[in-house]
Amino acid sequence: MGGKLFRNFSFFSATLSFFLLVGIFAILFHYAQESMHTFGFDFLWTEKWEPGEDDEGGIFGGYIPMVGTLLSTIIAMVLATPLAMGIAIFLTEIASVNVAKPVSIAIELLAAIPSIIYGMWGLFYFAPIVQATFGGNGVGLLTAGIVLAIMIIPFMAAITRDSMNTTPSVLKESAYAMGATKFEVIKDVIMPYSKGGIIGSIILALGRALGETMAVAFLIGSVMHLPSKITDPTTSIPVLLANNFAEAEDLEMSSMYFLALILFVVSFIIISLAKFYFLGRKVN
Amino acid sequence: MTFKKIVTAAVVASVALTAVHASELKGRGASFPGPVYKAWTAEYFKATGKKVNYTPTGSGDGIKSIKKRMVDFAGSDKPLKPEKLREAKLYMFPTVVGSIVLAYNLDGVKDGELKLSRAAIDAIFTGKASFWDDAIIAKDNAGLKLPHEAITTCVRADKSGTTFNFTYFLNKIDDAIKVSKKPTWTATKVVAGKSNSGVSANIQQIKGAIGYIEYSYKTKLGLPAAQVENKEGHFINPTVKSFQDAAKYASWTAEKDFYAVIGDPAGATSYPIVAATFLLLPAEKTVTNKEVTAFMEWAYTHGDKAAADLGYVPLPATTKDAIRGYWETKKIK
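The listed protein sequences correspond, in order, to chains D and B. Take the first sequence: its letters are residues 1 to 284, numbered as in my numbering. Take the second sequence: its letters are residues 1001 to 1333, numbered as in my numbering.
If you are wondering where the hints come from, they were derived from the structure by calculation, not from laboratory data. The structure displayed is predicted, hence computed values, not measured ones. Virtual Cβ for every residue (Gly too), placed ideally from N, Cα, C. Careful: at least some of the hints might be erroneous.
Only part of the chain B face toward chain D is listed, based on derived beta-carbon distances under 7 Å [as the list claims (entries may be wrong)]:
no.: 1; residue: Gly1058
no.: 2; residue: Gly1060
no.: 3; residue: Lys1145
no.: 4; residue: Glu1149
no.: 5; residue: Thr1152
no.: 6; residue: Ala1157
no.: 7; residue: Asp1158
no.: 8; residue: Lys1159
no.: 9; residue: Thr1184
no.: 10; residue: Thr1186
no.: 11; residue: Ala1187
no.: 12; residue: Val1190
no.: 13; residue: Val1191
no.: 14; residue: Gln1205
no.: 15; residue: Ile1206
All chains, please: the whole structure from these sequences, using the hints.
Pasting the structure below:
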């Protein structure tokens, strides 16, 4: 009896996530219809977001927020990945236990800080530094990218560290016994062994960076403007949605569902590509 | 048996709670009058024990939720035209007047020192002037040392009644600027923030920034704000006195449901960027409407001081009387 109940419950939980996925997609698709029929594929290349007179109609396009989302995510990933790898290697292989423990705890705590706090800190403390160093307005693509990187580093570092820790000591010790240097052990034993976990951490961090809203809303400038320099303000899909949702009606609302659908599909494609391509190859 | 008891108790409790809940008036909308409505509702509760709950979500949200009859009343900074009101079966009247200031972040230029002519404001927000030492700004500020610093205009990222009223003023100077809750800005450097607090934070953080915010945010955060040239060519500091002078020129009439945008009024001492904020009521809900007008009657009689303390301007006595007459003709008093 208990066994059957448990089996049914776990089956229910497993299928629920699948239905949620399909359900969310269906709802986004349904509400995006009006905008899809009005703009079609032009929506992807239009650089305007202009509600019409008295909130009726207007021209809406997703090009700028899409570019903004991709650029800020790329900046964040480029900055965060090497740093996170360095942290993880340091913690597992180089640091003594006395150092590794407090640093590990600090990193886990950093990962738990709500994003709005990163946003506020970024705007009031970090934006002036970026403005003084790189010029520009203080808020913009670069500031958003750097703070995004800071947000995802602990996340990536913690998962990578855990997966590196799973490397059997037998493998490492055998390599050392053969005369391998520490760098060679890291490069040829630990990295290949924990590849799955490392890529997994990068994918999860990528997903978080793509959808991050609050911190980016504070820092990206929220302007419907294609950036020509890295310090220029622009906007991203989640930021545009968060800023305009309360006030939008009809066609604008539908266009925002269209944008949400695009973000949903893009995240889905990136994560499944990464998963099937990298993790699939590892299994073979 | 026990299960049944628990369910019954839960049902009774929820019914009782809803009953209590129903006596509370619910409203949402414009964030511009948020602080003064908060003060009024708190004092009204203390004086009468009646609860009024107002959530400052934004004018557009207010209009949307009153059209769907989700709330008892809604606030909007953008007045609806009489035909729109009839279409949606709504009543409308103004509650209080507020003002929009141009706050800036310029080293060495203190509060009220910067004078902005109408041409200069137009040049800044359309991108004709991109540096602070541009001749069009420097002309009226001979005593100031304006830096050769790029101008960053701080605007709203969300649709906003404040933007509507500010573009209404800009449109009076230059018809090329459309009156809109969220226009496309053409200035050289634009940074947008969500709500008045987002714009204020951007102004504080960015050197060479200028932006339009509600007056109470200027006083709360101690931001320096410019003198603005009014219709008659005088430079006017944003003070409660100059807002009151401006409010005298508003032309509200009950026949048009008080539809009027009061920006850029006449008068030598009027501050030009003023705006009224409005309440919307669902025409068919007489019972709750009477409760709302009772609350507003109390606010018109006892709320002037609270409004003035927060930097708003109470409506002139004649307008208040006109509104009372409007309530009587609509049978909601």
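Item to check | Hint check, glycine 1058(B) versus chain D [nearest Cβ-Cβ separation less than 7 Å] | outcome: Holds: closest Cβ of chain D sits about 5 Å from glycine 1058(B), inside 7 Å.
Item to check | Cut-off 7 Å, beta-carbon criterion: hint that isoleucine 1206(B) touches chain D | outcome: holds, 5 Å
Item to check | Residue hint threonine 1184(B), partner chain D, criterion CB-CB below 7 Å | outcome: Interface hint status for threonine 1184(B): holds (6 Å vs cutoff 7 Å).
Checklist entry - Is the shortest C-beta separation between threonine 1186(B) and chain D less than 7 Å? => result Constraint on threonine 1186(B) not satisfied, violated at 11 Å.
Item to check | Per-residue hint verdict: lysine 1145(B), partner chain D, C-beta under 7 Å | outcome: violated, 22 Å
Item to check | glutamine 1205(B) as chain D interface residue, shortest Cβ-Cβ below 7 Å | outcome: holds, 5 Å
Checklist entry - Does the interface hint hold: is aspartate 1158(B) within less than 7 Å of chain D, judged Cβ to Cβ? => result Given a least distance of 5 Å, the restraint on aspartate 1158(B) holds.
Checklist entry - Given valine 1191(B) was flagged as interface, is its beta-carbon under 7 Å from a beta-carbon of chain D? => result holds, 5 Å
Next on the checklist: Is the interface hint satisfied for alanine 1157(B)? The criterion is a beta-carbon contact with chain D at less than 7 Å.
Outcome noted: holds, 4 Å
Next on the checklist: Less than 7 Å between beta-carbons is the criterion; does lysine 1159(B) satisfy it with respect to chain D?
Outcome noted: At 4 Å from the nearest chain D Cβ, lysine 1159(B) passes the 7 Å test, so the hint holds.
Checklist entry - Does valine 1190(B) pass the interface check with chain D, least Cβ-Cβ distance below 7 Å? => result holds, 5 Å
Item to check | glycine 1060(B) as an interface hint toward chain D, with CB separation required under 7 Å | outcome: Cβ of glycine 1060(B) sits 3 Å from chain D, so the hint holds.
Hint compliance for this structure: hints 3, 4, 10, 11 are broken, all remaining hints hold.
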